[in-house]
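J.: Protein chains in written order, with the working numbering: chain A, 1 to 259; chain B, 1001 to 1292.
Hints listed in this document are in silico derivations from the structure and should not be mistaken for laboratory results. Heads up, the beta-carbon is just placed ideally off N, CA and C, and yes, glycines get one too. Do not take every clue at face value.
Facing chain B, a subset of chain A residues (Cβ under 10 Å, in silico) [said to hold, decoys possible]:
#1 V177
#2 H203
#3 G227
#4 A230
#5 L244
The lines below spell out each chain.
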Amino acid sequence: MNEPILEGRQLTRRYPGRPHPALDGVDIAVRAGAGLGIVGESGAGKSTLLRLLLGVDRPSSGEVRFAGAPLARADGREFRRHVQVVFQDPRSSLNPRMSVAAIVGEPLRSLRVGGGRTERAERVAEVLTAVGLRPEDGRRYPHEFSGGQRQRIAIARALAPSPRLLLADEPVSALDVSVRLQIVELLQELVERLGLTLVLVSHDLAIVSQLCAEVMVMRHGRVVESGPTATVLTEPADAYTRDLLAAIPQLPQNLGWAS
Amino acid sequence: MTVLETTDLTITLDGQPLVRDMALRLAARDRVGLIGESGSGKSLTALALLGLLPAGMRATGRILIDGRDHRDASDREWRRVRGRTLAMVFQEPLTALDPLMTVGRQIAGPLRLHEGLNRADAQRRAIDWCHRVHLPDPQRLVHALPHQISGGQRQRVALAMALACRPRVLIADEPTTALDVTVQAQILALLDELIEETGVALLFISHDLPVVAGLARHLLVMRDGRLVESGAADNVLRRPRSDYARHLVRSAAQVTRLAPTSVDHGQTRDISDSRMARMPMINESGTEGGQS
């Protein structure tokens, strides 16, 4: 196995006044090419873990490592460039007063990775095309787009600096089902075409199964089970994983034409 | 016997139609699912059927409750119908419940109002209902405030409130959308049990086809304010007639599919490695990785 790009060792996060830690001794390793799904319900600690991995919150104990070194000593810009994020609700994650081109180009400017103005504009056009939008859409503003298109804009922004990892927090939960399918397909395509490694936080085991080779099931701040997605789905070792699987609402079997 | 029927229901705001020519019918033990994506008009339809349209919106067409047209009914007439003939459960039980009133009094409220029970009898029935919706320790739980119980328990309370006066139609608008998946599964099982037990007709509204398909025997599909398909659930799922229903079923089938992932480790790593090689590791200071 290759070295993890991003790694968490014995991560614990306690909040003052709370009897139980939000995260309790969690180990996680993200390796290039092995998309990882973090699955669990509310209170599982998924979002806390994601914040620690993004370096926007610090563990009470334990350590996050990026490219083999502690995050605390890593080059901030290098880390930001290679670890990008997409959130659940594109309505609140896109600045309504910025044009789409400015939004998507922003990480290039702030990380100073896009070269000059012309190169940046080219890169913005390139990533907008990669997510299924048109370069001209850059002149428009977020409110002119539908929820699914806004999520495409958020993905384009994350892709702009050519990250190695894309962390996505419930990226399709706020979307209608047909739009959800389109975004899942887009992420699938980007993972395959760009060699992105996806870390997907979701309550939805089905979505994770379609996008991630590895899965980690969390409950009450701990990892209850982890391993290759195919194994966890077909031979779940933990009773809670079995409950989660059984709870997924399914259409009747053998709808031959639809699958 | 038909309890609730609407024909040619059109809902307008400032003359703009939001729902057009909607029709549906519910008799005892019917289980109808109303499905559509955001903005399709499904929730507005539900509000119109309950006489709860927001100010400024107008309904035309017929809303028959036990054969009587209620479209222009007064608030007083609607209040007699709501809670007794038609009951409802919404997405977010925290906003549907009064935060300052104990669970027991909230379930007892409609019983006192519609059935004229005294306080002690109403409280006894409330405890009964806590048992029927499988709330833990009902004797104690009736004294709890909504914020002291979990989201799933709150939705159980909302169901108890809705069903306590033995309504003949239950309108449930996204009743499990705000819940975790395992809790959703429990609430759906409870709903199934309760409608079977009580014989109440169900109108289940949701954007989530697999959730609706688990309970409904008849499906209505709405899009852009119009009914685009209506039929036995099995037929709509297996042989959808409209392009839109076909699209919806296919999307839902694919999104909920449990797939052993198609992303193969070795293969993806190769692409990744070659791309890493192509990708200039720019950093003005010339260091790579940045660790000192």
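J.: All hints, please: hold or fail.
T.: Results for each hint:
Taking 10 Å as the C-beta contact cut-off toward chain B, the hint placing V177 of chain A at the interface holds, the least distance being around 5 Å. With a cut of 10 Å, the hint placing H203 of chain A at the interface with chain B holds, because the nearest CB-to-CB distance is about 6 Å. Interface restraint check: G227 of chain A against chain B, minimum CB-CB distance 12 Å, threshold 10 Å, status violated. Checking A230 of chain A against chain B by beta carbon gives a least distance of about 4 Å; that is within 10 Å, so the hint holds.
Interface hint at L244 of chain A: satisfied, since its Cβ lies 6 Å from the closest Cβ of chain B, which is below the 10 Å cut-off.
The structure fails to meet hint 3 from the earlier list, while all remaining hints are met.
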